[in-house]
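My numbering puts the first residue of the sequence shown at 73, with every later residue one more than the last.
Honestly, I wouldn't trust all of these hints.
Said to hold, decoys possible - Straight-line Cα separation of at most 27 Å, BS3-like style, residue types lysine-lysine; simulated pairs:
(1) K106 x K175
(2) K292 x K202
(3) K217 x K175
(4) K202 x K106
(5) K302 x K272
(6) K106 x K217
(7) K292 x K217
(8) K106 x K302
(9) K202 x K302
(10) K175 x K202
(11) K292 x K106
(12) K217 x K202
(13) K292 x K175
(14) K292 x K302
(15) K292 x K272
(16) K272 x K202
(17) K272 x K106
Since the hints were derived computationally from the structure, they do not count as laboratory data.
Remember, predicted model here, so these are calculated numbers, not experimental data.
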Amino acid sequence: MGEPIAEALRLLDLFASVGAVAFDITHTNLQQEKRGFRPAQSLAQARQSMPYLVPSAARRQNNLIIRPRAGADVTLVQLDDLAPDALARIAPAAFLILRTSPKGQQAWVAVTNAPRGLATRLKEGTGADKEASGATRVAGTANFKPAYAPNFPRVRIDAAQPGHRVTTQILDAMGVLAPAGPVPVSLPPVASSSGSRTSKWPSYARCLEGAPIGDGGNPKRTSADFIWCKIALSWGHGIEATAERLLEESAKAREKG
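Model the full assembly from the supplied sequences, consistent with the hints where possible.
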């Protein structure tokens, strides 16, 4: 079995070792446009697919992206765009450190019985990208972006601790959690005779127009993604449906995987 395929299988097994029970598989092209989607693949299905998907992605210059879905007792937290000192601090708690580009690394932490808001606190405490989507490029495959042409970097596993889970108490003792915010007041559900309040989706273009301007003079797409998701959820769309739709709307979300 070739090294790229073996690395892809190793990534799947690492996620499964900490409680991932299914994987959404997405394909995007060089322009980060969605080209394929397989939802809720079991570990066995995903492993069976990799010997075909990995070489196919290379031939087509497609990015191969997975979104791991965890069981009820574990929360998988993706910490992307970490500064070197933050990565060093969180490394003992991470079951996976993945390199997606020459200068880009992300850590994944599996937290047992995490309370609500834990992922946000961990991202804030480590300075990670707050809008990271929870999906990632597959190890062993190339990161196809125009900026990297013609020498596209290969995604690789830098460090791994199979089966390594941590608790909130451990993370708190490590000093990597931001202070807990006030507990939100739960509002009674709004009665509806039709289930979801609307079948429409927010306008991504409007969210982009209203986003703050970044250093390069362009609207911040991560902020637009965040605003768009908040509106979609408030309109009654489910979390998974919103995440999948965002991949269609936002090039930034597709880049993050």
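*Find the hints from earlier in the document that the structure breaks and name them by number, from lowest to highest.*
Hint check: nothing fails, all pass.
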